[in-house]
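These protein sequence lines are chains A and B, in that order. The numbering used here applies: residue 53 is where the first sequence begins, and numbers increase by one. The numbering used here applies: residue 18 is where the second sequence begins, and numbers increase by one.
These are calculated hints, taken from the structure and not from any lab test. We treat Cβ as the ideally placed atom computed from N, Cα and C, and that holds for glycine. Hints may contain errors.
The following residues of chain A were derived to be distant from chain B, with all beta-carbon distances above 12 angstroms [unchecked claim]: (1) 80; (2) 133; (3) 136; (4) 236.
Lysine to aspartate or glutamate pairs mimicking EDC-like chemistry, simulated, CA-CA at most 16 angstroms apart [what the hints assert, rightly or not]: (5) B/143 <-> A/230; (6) B/253 <-> A/124; (7) B/115 <-> A/247; (8) B/142 <-> A/247; (9) B/60 <-> A/247; (10) A/235 <-> B/145; (11) B/80 <-> A/247; (12) B/115 <-> B/52.
Read off the chains here:
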Amino acid sequence: SPSLSPQAFPLRSLRRRQPTLLVACGPAQNGAVGLVCARHLRSFDYEPTIFYPKRSPDPLHRDFTTQCEKMDIPFLSYLPTEVQLIDDAYNAVVDAVLGAEGTQGTEGTEPCAAILATLRHVRIPIVSLDVPSGWLAGPVGGSGDISPDVLVSLAAPKEVARRFRGRRHFLAGRFVPEELRRKFGLSPPEYPGSDCVVAL
Amino acid sequence: ERCRCLPRRAMHVPSPGAGPTGLRFLGQEEAQAIDQELFTEYKFSVDQLMELAGLSCATAIAKAYPPSSFTTSQPAVLVVCGPGNNGGDGLVCARHLKMFGYQPTVYYPKRPSKPLFEGLTTQCKKMDIPFLPEFPAEAEFIDELYGLVVDAIFGFSFTGAVREPFGSILSTLERVTVPIASIDIPSGWDVEKGKADGLQPDMLISLTAPKKAAMHFTGRYHFLGGRFVPPALQEKYSLNLPEYPGTDCVLQLT
Numbered sequence: 053s054p055s056l057s058p059q060a061f062p063l064r065s066l067r068r069r070q071p072t073l074l075v076a077c078g079p080a081q082n083g084a085v086g087l088v089c090a091r092h093l094r095s096f097d098y099e100p101t102i103f104y105p106k107r108s109p110d111p112l113h114r115d116f117t118t119q120c121e122k123m124d125i126p127f128l129s130y131l132p133t134e135v136q137l138i139d140d141a142y143n144a145v146v147d148a149v150l151g152a153e154g155t156q157g158t159e160g161t162e163p164c165a166a167i168l169a170t171l172r173h174v175r176i177p178i179v180s181l182d183v184p185s186g187w188l189a190g191p192v193g194g195s196g197d198i199s200p201d202v203l204v205s206l207a208a209p210k211e212v213a214r215r216f217r218g219r220r221h222f223l224a225g226r227f228v229p230e231e232l233r234r235k236f237g238l239s240p241p242e243y244p245g246s247d248c249v250v251a252l
Numbered sequence: 018e019r020c021r022c023l024p025r026r027a028m029h030v031p032s033p034g035a036g037p038t039g040l041r042f043l044g045q046e047e048a049q050a051i052d053q054e055l056f057t058e059y060k061f062s063v064d065q066l067m068e069l070a071g072l073s074c075a076t077a078i079a080k081a082y083p084p085s086s087f088t089t090s091q092p093a094v095l096v097v098c099g100p101g102n103n104g105g106d107g108l109v110c111a112r113h114l115k116m117f118g119y120q121p122t123v124y125y126p127k128r129p130s131k132p133l134f135e136g137l138t139t140q141c142k143k144m145d146i147p148f149l150p151e152f153p154a155e156a157e158f159i160d161e162l163y164g165l166v167v168d169a170i171f172g173f174s175f176t177g178a179v180r181e182p183f184g185s186i187l188s189t190l191e192r193v194t195v196p197i198a199s200i201d202i203p204s205g206w207d208v209e210k211g212k213a214d215g216l217q218p219d220m221l222i223s224l225t226a227p228k229k230a231a232m233h234f235t236g237r238y239h240f241l242g243g244r245f246v247p248p249a250l251q252e253k254y255s256l257n258l259p260e261y262p263g264t265d266c267v268l269q270l271t
């Protein structure tokens, strides 16, 4: 997660003068990954802003929130429905809303549905963590699916990633032991050297 | 030399403790205070910071001693882990070294019975990282079998006398000729004053910020790791950390 944006969107390539990013975090695991990602983006000198409307009660996730707050990362109290405001304020959106949890059709619960409704209309690039939020399992996508520019698969690409047609697909989460890879028939990822991200 | 490595160009840094713009070298109490603040004020967990620290160490090692530079038939590394958090950093480092294509072996004689350390040990074992039942009796055996030793015995909390078995281990390591990479503090050194007749590692990976002992370090490679210090904390302690390159988790100081 930490290296995903800089490779796809190096600081010097951003269109806005300020390296602003919107990080939309859902209520569960995918959202927590988003919080950690935001913190590392901040240490890489980006200016992330987090939208985290429904907070996980998990103590670990609450600590992630505190860590972000203590890094002076702002938390939006609401997401503008006026999409132009988002397009104007940020260079890209990090989608950490539902991830793989959403493939079973949980997008309907608020506030995720509202976030996704807005994300469908943004013009700035979307970077999705693990699975584009709202994408359901199955070989064919829905017409209302968000179209991320960048997908960062975590640990291993998920089935729905086969439908990804965006610009860059990365693999991250270099922690899967070889024994586990063999057990699940995962092909060995070719991470270069000591990098924790590889472009697929 | 069992590990012939490419020389690295040193980055320019201001001289240590030279004033407000110089990189600061911390005293022991300061280092402990910063650590405590990261946990109590910033709510980092030990697991989080240990993982980032261990990853930094493995990354620095990969930069200075790439697998291709080893003259042993495999890039074999001996990781010696002490009884505390420095040992934990070593376990994390060993696991990432395995991921990076090295063949680490761990020696971990004194294991705290806490879930954190038990978990880290299990993670290593499940990656097929062997744990030696005994420390190699002679320095020559270490030189024969390994191209690098990682010293993860004592860190910045170390005070007082060295308890066994670590006294004997350090005596042996002092006679080893393959490079030694120390995590945070060369083990056995006073955290502020160093130890002229002690371990002389080839590499030091300072975590968070260098400690005063690092001013006595004469090895080839000094890296900074532990890229997790929030800007507000850096300012509070005037750490004056140089900029890490891009998204790297390590910075080569010399």
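A quick look at each hint next to the structure:
Separation of residue 80 of chain A from chain B is adequate, the least Cβ-Cβ distance of about 19 angstroms exceeding the 12 angstroms criterion. Interface exclusion of residue 133 of chain A from chain B stands, the closest Cβ pair being 33 angstroms apart, more than 12 angstroms. Its beta-carbon lying about 31 angstroms from the closest one in chain B, residue 136 of chain A satisfies the requirement of being farther than 12 angstroms from that chain. For residue 236 of chain A, the requirement that its beta carbon stay farther than 12 angstroms from each beta carbon of chain B is met, with the minimum near 15 angstroms.
This hinted pair checks out: residue 143 of chain B and residue 230 of chain A have alpha carbons roughly 9 angstroms apart, not beyond 16 angstroms. Between residue 253 of chain B and residue 124 of chain A the CA atoms are separated by roughly 14 angstroms; this keeps the pair inside 16 angstroms, and the hint holds. The suggested pairing of residue 115 of chain B with residue 247 of chain A holds, with an alpha-carbon distance near 13 angstroms, which does not exceed 16 angstroms. Distance check on the hinted pair: residue 142 of chain B and residue 247 of chain A sit about 23 angstroms apart at the alpha-carbon level, beyond 16 angstroms; violated.
At roughly 27 angstroms between alpha-carbon atoms, residue 60 of chain B and residue 247 of chain A are farther apart than 16 angstroms, so this suggested pair is violated. Between residue 235 of chain A and residue 145 of chain B the CA atoms are separated by roughly 15 angstroms; this keeps the pair inside 16 angstroms, and the hint holds. Distance hint between residue 80 of chain B and residue 247 of chain A is fulfilled; the C-alpha atoms sit about 11 angstroms from each other, no more than 16 angstroms. With a C-alpha separation of about 28 angstroms, the suggested pairing of residue 115 of chain B with residue 52 of chain B is violated against the 16 angstroms cut-off.
In this structure, the earlier hints numbered 8, 9, 12 are contradicted, and the remaining ones agree with it.
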